[in-house]
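The lines below spell out each chain.
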Amino acid sequence: MIDLLDWSVLFNAISLGAIYALIAVGYTMVYGIIKLINFAHGEIFMVGTYVAFLLVSGLHLPLGVAMGAGMLACVVLGVVIDFSAYLPLRRRHPLADGLSSAGLGLIALLSLAYFVLKPEGQDTPPGVRFVGFLVVLVPLALFTLAMLGLRGKLGRPKAVVKADRLSALITAIGISLTIQTVAQLTWGPNYHAFPTESLPGFFQREVLTLTGAGGRITRVLGKDVVIWFTTLALMFGLTYLVGSTRIGKAMRACAQDQRTASLMGVSVDWVISVTFMIGSSLAAVAGVLYAVKVGGQINFRMGYYPGVIAFAAAVLGGIGSIKGAVVGGFVIGATQALGQTVASEYDLAFAFGLMILVILFRPWGIFGKAEGEKA
Amino acid sequence: MKRRHLLLLLAAAALTGCPQGGAQGKGGGDKIKIAVAGPFSGSAAAFGDMIRKGATLKADELNAAGGINGKQIELVFEDDAGKTAEAATVSRKLAADESIPIVIGHFNSNCSNTAKEEYNRKGVVSISPGSTNVNVCKGYEWTFRNLYRDDYQGTFLADYAFKVLKAKKAAVFYENDDYGKGLMGAFTEEAKKLGLVCLEPITFQRERTADFKPLVEKIKGEGADVIFVSGLYEAAALITKVARGDLKMSVPILAGDGVMSPEYLKLAGEFADGTLVTTPFLFEAAKDDPKANAFFTAFKQKFEVEPDTWAALTYDALGMAADAIKAVGPDRTKIKDHLKAITSADKAYMGVTGPTFFDAEGDCSSKGAHVAVVKGGKFVAAEQQLKE
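Taken in sequence, the protein lines are chains A and B.
Okay, so the first sequence: first residue is 1 according to the numbering used here, each after it adds one.
Okay, so the second sequence: first residue is 376 according to the numbering used here, each after it adds one.
Certain hints may be false.
Claimed, not checked - Chain A is nowhere near these chain B residues, computed Cβ spacing over 12 Å in every case: (1) Glu436; (2) Asp534; (3) Glu575; (4) Thr578; (5) Thr708.
Claimed, not checked - Subject to a maximum C-alpha distance of 16 Å in a straight line, what follows is the list of computed EDC-like cross-link-like pairs (lysine to aspartate or glutamate): (6) B:Lys641 to A:Glu197; (7) B:Lys623 to A:Asp97; (8) B:Lys722 to B:Asp734.
Simulated from the structure, these hints should not be mistaken for lab results.
If you're wondering where the values come from, they're calculated on a predicted model, not measured in any experiment.
For glycine and all other residues, C-beta sits at the position ideal for the given N, C-alpha and C.
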């Protein structure tokens with residue numbers, strides 16, 4: 001009845017795995033350098049998808065351009081999150097202190113404005129649209145300030161503050177909920193769908209038809225191929241960036257020992273910002289690909305499950321290792337795809353069960369390094 | 376510095392965490408408060424929106440006509456987000472507020488099933504305009520509804536699939552909640568009686584299951600000739616898009632009333648065409664009814680959108696509640712006894728959706744089901760209705 005080795009399972013596994021790998025890389029890179037699990041990563045994934053969706057459905061931009069804009073938006077968002085939430089916990093930085101206070105104050109203000117302006121009903125009044133406008137504009141302003149700060153124009157880091165790693169973790173969860181709430185307020189609680197006509201016709205075209213066991217026909221659609229090759233290209237790009245460029249070398253140095261790296265003249269804050277930028281832009285790509293794969297329906301909670309699953313993938317592969325995140329993503333994707341055909345309600349139980357099994361025997365994951373102390 | 380952050384964060388959390396309540400505060404002696412509880416946010420929010428509009432229209436009309444015995448109606452909207460945990464909180468809040476004599480709600484069956492516990496403990500009457508699960512009213516004397524139950528709907532759907540669509544092998548997708556499971560159970564049971572083969576039912580979870588491709592591929596391989604979705608519009612739209620768009624399947628897609636929402640049309644787009652759904656009420660079937668026409672026109676004028684079934688049912692539920700308060704005053708026990716006594720067609724409340732009267736359990740068996748089909752981006756009456 002169920003043939004496990006059906007072609008369709010294989011192709012689903014590869015597509016799912018590619019998307020999880022893209023998200024997991026963001027978790028693992030940030031962890032590798034600042035030992036922080038960025039729980040807001042799933043929300044960055046959601047925001048990137050939303051930006052692309054708004055551009056596609058509102059301005060009728062081609063999907064590729066919209067995805068690029070989503071990546072840019074996520075680059076900004078990633079740095080803003082780092083500066084306003086995580087940097088103040090890592091070290092004392094006059095600019096970051098100001099930014100985080102300003103950021104939190106603005107979020108409070110926006111929420112207040114929402115409840116004052118929003119009358120009954122689900123329709124968006126102009127007031128809420130104005131708030132939405134602020135939501136876009138404020139991070140941009142914060143981003144500019146952050147970049148100026150990194151260039152050394154707006155103050156230097158003061159003494160190192162060692163905040164508890166748990167504080168950073170809780171902050172990450174808080175940021176995740178905050179972004180979700182702001183997204184719900186701005187874009188509403190309903191689902192949105194990418195208009196079918198906005199997607200390239202190639203996405204729905206059959207590129208490969210295979211006959212599997214029992215004469216079952218499996219069709220590979222254009223969008224699956226797009227997912228595979230986009231991921232492949234990005235992974236090659238990432239490998240080159242980390243392995244063969246100056247900034248990549250700086251990243252590896254910071255991952256090994258931040259203080260020594262900074263003594264050698266590496267601007268640690270800049271490296272961390274770049275890490276956030278790369279991870280966040282990959283999350284945006286993953287978000288758009290994911291939406292395209294599952295039928296283009298998105299809402300403000302869409303980042304939650306993919307985020308958690310990709311986090312599990314990063315842990316499975318060995319958090320801190322890019323190779324591990326990619327392999328973990330594909331392993332989890334394959335387990336889920338298999339699980340879905342066996343018992344659809346337990347697909348995640350299979351995936352997480354495998355993760356538990358692996359870290360029982362190798363707590364540092366497949367490719368991770370055993371370390372003495374970990375939070 | 377740190378303390379300031381904490382305070383700001385707390386303030387932000389408190390603000391963003393505020394429930395989306397409607398008008399609060401003590402209702403004075405000249406006002407009668409009626410609560411409307413439903414999914415005003417979350418993945419069933421499209422239903423909540425229609426419920427809110429239907430209730431608002433009825434309340435405005437009643438208030439314009441002088442209110443109930445000279446007292447104006449004040450609606451209290453409470454959001455349960457379609458989730459049981461929120462519904463429990465809402466029910467406790469509403470039951471504790473003595474100035475609220477009656478609750479219109481909840482919508483999702485799992486919410487009704489959770490909230491009724493508190494309502495029956497504290498003695499609060501509730502009329503649901505949307506919960507169809509079999510157990511919603513059974514054994515709970517304070518709980519009523521003004522539409523059919525899932526055992527009726529599921530049986531009806533199976534009959535329709537077998538007799539009208541001439542299906543031989545049905546693929547069944549059901550959402551893992553009270554509504555989805557109940558409807559699926561009734562469907563498969565009737566299918567067994569009819570000799571309609573059902574493939575092993577496939578379950579999914581709202582918001583979590585996003586990728587339906589492997590699931591639909593599976594039933595395609597097994598040769599299903601009808602797809603039955605026992606769930607809400609969001610998942611149904613995903614299934615429709617995968618079946619029609621990705622896998623080029625042309626088998627009929629049949630669904631319960633949880634899919635009858637304009638949101639379904641928006642999400643599924645061009646692929647929605649041809650989807651068949653059941654509904655307790657269809658404006659086209661009530662074309663000759665002046666009441667339905669007046670409601671349709673007034674609704675469209677006020678909100679600039681066409682009302683759906685749920686708006687009409689909420690409108691009627693509120694009208695029924697207002698009638699009861701008019702007859703016996705805003706007293707919870709008296710209202711319950713009044714509604715309990717409406718047991719036959721001659722005592723029925725005549726609303727937009729037809730006559731409403733209750734059986735001994737508080738269920739409403741006076742309304743049949745209709746089949747609507749999506750055509751040109753709209754729900755219209757299906758050409759072939761099931762003949763009783």
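Query raised in the report: Does glutamate 197 of chain A lie within 16 Å of lysine 641 of chain B when you go C-alpha to C-alpha?
Result: holds, 13 Å
Query - Consistency of the no-contact label for aspartate 534 of chain B, given chain A and a CB cut of 12 Å - result: For aspartate 534 of chain B, whose nearest Cβ neighbour in chain A is about 27 Å away, the distance exceeds 12 Å, so it holds.
Requested in this report: Run the C-beta distances from glutamate 575 of chain B to all of chain A and say if the shortest one exceeds 12 Å.
Outcome: The claim is violated: glutamate 575 of chain B sits with its nearest Cβ about 8 Å from chain A, within 12 Å.
Query raised in the report: Would the pair lysine 722 of chain B and aspartate 734 of chain B pass a check requiring their Cα atoms to be no farther apart than 16 Å?
Result: holds, 12 Å
Query - glutamate 436 of chain B non-interfacial with respect to chain A [C-beta, more than 12 Å] - result: For glutamate 436 of chain B, whose nearest Cβ neighbour in chain A is about 17 Å away, the distance exceeds 12 Å, so it holds.
Requested in this report: Beyond 12 Å from every chain A Cβ: check whether that's true for threonine 708 of chain B.
Outcome: Fine: 31 Å to the nearest Cβ keeps threonine 708 of chain B off the interface.
Query - Agreement of lysine 623 of chain B and aspartate 97 of chain A with the hint, judged by alpha carbon distance not exceeding 16 Å - result: violated, 56 Å
**Report entry** No chain A beta carbon within 12 Å of threonine 578 of chain B's
**Finding:** violated, 5 Å
Hint violations for this structure: numbers 3, 4 and 7, all remaining hints satisfied.
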